[in-house]
Amino acid sequence: MAPIGNLRHRPVRRLTQLYAGLVLYGVSMAMMIRSGLGLDPWDVFHQGLARQTGLSFGTVTIAVGAAVLLLWIPLRQRPGLGTVSNVVVIGLVVDAAVALLPAGLPLAARIGLLLGGIVANGAATGLYLGARLGPGPRDGLMTGYVARRPGRSVRLVRTVIEITVLALGWLLGGTVGIGTVAYALGIGPLAQFFIPRFAVPAEPVQSNRARPAPVGTASGGRALDGTALGGTALDGTALGGTAPVSVPPVSADPPAPESGRGKPVSGGIAPRGSGGDHAELR
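With full-length UniProt numbering applied, the sequence shown closes on residue 282, and no number is skipped along the way.
Quick caveat, the hints were computed from the structure, so don't treat them as lab data.
Any given hint could turn out to be false.
Pairwise CB distance ranges, derived in the manner of DEER restraints [unchecked claim]:
id, residue 1, residue 2, range
1, L75, V12, 30 to 38 Å
2, R51, V181, 16 to 24 Å
3, R152, L105, 36 to 44 Å
4, L101, R148, 17 to 25 Å
5, P196, P11, 19 to 27 Å
6, R8, L105, 42 to 50 Å
7, T143, P196, 15 to 23 Å
8, T16, A99, 36 to 44 Å
9, T164, G188, 17 to 25 Å
For glycine and all other residues, C-beta sits at the position ideal for the given N, C-alpha and C.
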């Protein structure tokens, strides 16, 4: 799982944010279920399957999530910790929250549950996606398909998938209502609002290049301007108490020979004369 290896960067915040988001997501689903005013497309499908199979809503959610993950294989998608946790945690939480929330509430309370559930769902989406530990299985199905089919619109692919599961869920007996429309209109702006606010900054890229040496400093502890950093300067000055040593300057040009035939020059050898005399050694 690719995103698991990145937990070295802010692991406490990211794990806390991931599981807080998944728990809140399950609670938001339970709020919309108890409102009885309609669910989002995938939950209409889950509810329809639950009514046909007799399984709990949470159990069906887990089973569908696992089945969708199998569709990742031909798309070559790699699940992360957040992906697997999404499948398990949301299903468990939604069953527990449905059991705790009362049924048969008056209409005003049900509208409040619906609106609160939609807002909580947007915040939960921002939390768990902002943790950067992998998308949910349904989101990964959409993004994986688009990645394998260049040029396809993300909006078009998502619309086709959600209309398909909505129609199947309605045929199976899922609840479609004003809540379905409200969710479709509200979840996009809410997610756009919450995701940037909860996004964990990406891990900074560290360069492996060695830091450059300061200007004017040579390797080995000696400065290029003639100052030795360890005890002796290159210009002959000893650091740490040693008296300076005078070094005579060296001329770039050789000394000119003296005029006159047979005169020796500095270095011990005289040049040949014009009359064929041999050089004599001093």
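ask   = Holds or violated: 17 to 25 Å for the Cβ distance of L101 and R148?
value = Check failed, 40 Å falls outside 17 to 25 Å.
inquiry  = If I claimed the Cβ atoms of R51 and V181 lie 16 to 24 Å apart, would that claim hold in this structure?
reply    = holds (21 Å)
inquiry  = Quick check: does the Cβ-Cβ distance between P196 and P11 fall within 19 to 27 Å?
reply    = The hinted range 19 to 27 Å holds for P196 and P11, with Cβ atoms some 21 Å apart.
task = Return holds or violated for the Cβ distance of R8 and L105 against the range 42 to 50 Å.
result = holds (46 Å)
task = Using the Cβ atoms, figure out if T164 sits within 17 to 25 Å of G188.
result = Given a distance of about 19 Å, which is inside 17 to 25 Å, the answer is holds.
task = Using the Cβ atoms, figure out if T143 sits within 15 to 23 Å of P196.
result = holds (18 Å)
message = Can you tell me whether the CB distance of R152 to L105 sits inside 36 to 44 Å?
response = holds (43 Å)
Hint check for V12 and L75 - Cβ pair distance inside 30 to 38 Å = About 32 Å separates the Cβ atoms of L75 and V12, which means 30 to 38 Å holds.
inquiry  = Can you tell me whether the CB distance of T16 to A99 sits inside 36 to 44 Å?
reply    = Given range 36 to 44 Å: violated, Cβ gap about 25 Å.
Checked against the numbered hints above, the structure breaks hints 4, 8 and satisfies the rest.
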